[in-house]
Amino acid sequence: MKPVSGDRWRGVAERSWRPAALLAACLVIWHLITVTGLVEAYLVPSPGKTFDLLVDKWSYLWGHTWVTTYETILGFVVAGVLGVLMAVAMVYSRTIESTAYPVLLFAQVIPKIAIAPLFVVWLGFGFEPKVVVAVLMAFFPVVISTVTGLKSVDAEMLELAATMGGGPVKTFAKIRFPAALPHLFAGLKVAITLAVTGAVVGEFVGSNEGLGYVILQANGNMDTPMLFAGLIVISVVGILLFLLLELAEQLMLPWHSSRRGAAVTTLLAKGGS
Amino acid sequence: MTGTLNATAAVEIDNVAVRFHSKRTEVTAIEQVSLDVAPGEFVSIVGPSGCGKSTLLKLVSGLLKPSAGSVTLLGEQVRGPRHDIGFVFQRAALLEWRSARKNILLQAEMRGMNSAEAGKRADELIEMTGLSGFENALPHELSGGMQQRVALCRALLHQPRVLLMDEPFGALDALTREQMNVELHRVWRETGTTVLLVTHSIAESVYLANRVIVLTQRPAVVKEVIEVDLPDERDYSATMARPEFATATAHIRDLLGAVTGHD
Ligand SMILES: Nc1ncnc2c1ncn2[C@@H]1O[C@H](COP(=O)(O)OP(=O)(O)OP(=O)(O)O)[C@@H](O)[C@H]1O
Ligand SMILES: [Mg+2]
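Quick mapping for you: the protein sequence lines, in order, are chains A and B.
Position 237 of the first sequence, counting from 1, maps to 237 under the UniProt record's numbering, and the rest follow consecutively.
Position 146 of the second sequence, counting from 1, maps to 146 under the UniProt record's numbering, and the rest follow consecutively.
Take the hints with a grain of salt, since some may be wrong.
[Stated by the list, open to error] Straight-line distance between alpha carbons at most 20 Å, and here's what the computed DMTMM-like set of lysine to aspartate or glutamate pairs gives:
# : chain 1 : residue 1 : chain 2 : residue 2
1 : B       : K58       : B       : D84
2 : A       : K170      : B       : D84
3 : A       : K174      : B       : E109
4 : B       : K58       : A       : E156
5 : B       : K120      : B       : E135
6 : B       : K65       : A       : E156
7 : A       : K170      : B       : E109
[Unchecked claim] Coverage of chain B stretches by chain A, computed from C-beta distances (three or more under 8 Å per stretch; other residues unrestricted):
#  : segment
8  : 87 to 99
9  : 103 to 109
10 : 241 to 248
No wet-lab data here; the hints were simulated from the structure.
Glycine included, each C-beta is placed from N, C-alpha and C at the ideal position.
Could you build all of it, start to finish, from the sequences and the hints given here?
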């Protein structure tokens, strides 16, 4: 059932007021901490000061934001495509699954921050090593969720498909892949947040642009307002990309989202992982 | 093609046995079953739970290979999944992202049927099974009985000469089930399809069938074949009231060893 649009907006308001209130409370506490002098101003700048800086230095931040966003999206797309292809190969071939799984797990447990310098050595100071770190971080959840999704298909449905004689390609295109999409999207939403982290980690290791670089610079200069501003921008980028995926999911899988409970609950649960 | 003595049968199950091997144990689901079904015949299969009824239908469809014996469908030995059948499972098994009509048309898309013809046929089936007005509803917007009707339409779309049904109405309430029985009976009369129906309902098995096959406990063999002595034209309540109906159901109930009727 499609909710009437008035209902829909009321639904959005009902779902958003709690997180919005929580956010406001955090800002108030932050503000109180700084005005009461509980913490020295050079350690924690006030929210007002931070937002003033955000506005003043906007053009400077904007350039770096764009760099990080670009690296994130590129890493995410590459991880998404490779991850789905890998998952398909693993689901259709036992040999590939048993061969690739341990390697995948190994690649996943290696701390990316520890191998990031290696990519800088290999690929230089450009955007490439950041994209590689983003891909490495985002790849795993895509593979796992897609494999789970492709395997979740009802065995009877596949038997039915066999009696319809469409062959493996049609069975994949019309049954298996669409059935895996809800799982795939869950993985993609985790992946996008990890891709942001990956890009920033890559920038930490060796870079002269991007939000990771901004934070590192601010850190070196003891410029805490700029540090806070950088953190806020990174979070906003992550949240916006996440919401974009959420929107894409709702547009592509209306049958799924309409059956799902409170969107914000899943949003928070997934965002936290 | 195989040389069969009885080329007129739609389905010939010839001395089949099915054994499942797991790590330690070997389960014999079907010991030895033979059964011929004539073209256009409606055969019900009843038996205790776990005796091998679903296994039997999977053999006929080619989704499962017998350990011994052979199955011949429409004059051709079954060696792999067959496409010249329609299959309805206990659960409707619909694609939740497709509307009722699109779920029915999955059959056509998988087979590469002419889409205009398939669409026309789908609309006829929707009309016939009383789904009109719900063509565009998603499965979760349909009742259990409607979902099952969609599954039935999907199984009939390509006009299969043999229809296999595995407890298709098991999940329905008694009243909806009766309505579905009446509808299935009408569909069968209109299409002349050969039907193999597995069911737990003795009343259903008798009301719909020309013959009822009673299987024993696992490992299954045919315990008895009951010829249903009822006219082809079967009004539901009138049929229920007939003495032949009572005799047949009581007899099957005895064979199954049930104390009371359980559906
Ligand atoms: N894939 C399998 N592997 C091992 N054993 C199986 C398999 N499929 C079925 N069996 C066994 O074969 C027997 C018959 O199973 P089947 O599903 O045909 O029973 P059924 O008559 O349809 O039962 P029900 O009425 O409960 O649906 C059961 O004992 C079951 O445990
Ligand atoms: Mg069964």
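Structure-based check of each hint:
1. K58/B <-> D84/B: Answer holds: K58/B to D84/B is near 14 Å, not above 20 Å.
2. K170/A <-> D84/B: holds, 18 Å
3. K174/A <-> E109/B: holds, 9 Å
4. K58/B <-> E156/A: Roughly 11 Å separates the two Cα atoms, so the pair holds.
5. K120/B <-> E135/B: Between K120/B and E135/B the Cα gap is close to 13 Å, so the pair holds against 20 Å.
6. K65/B <-> E156/A: With Cα atoms ~17 Å apart, K65/B and E156/A stay inside 20 Å; holds.
7. K170/A <-> E109/B: holds, 9 Å
8. 87 to 99: holds (count 7)
9. 103 to 109: holds (count 3)
10. 241 to 248: violated (count 0)
In this structure, the one hint that does not hold is number 10.
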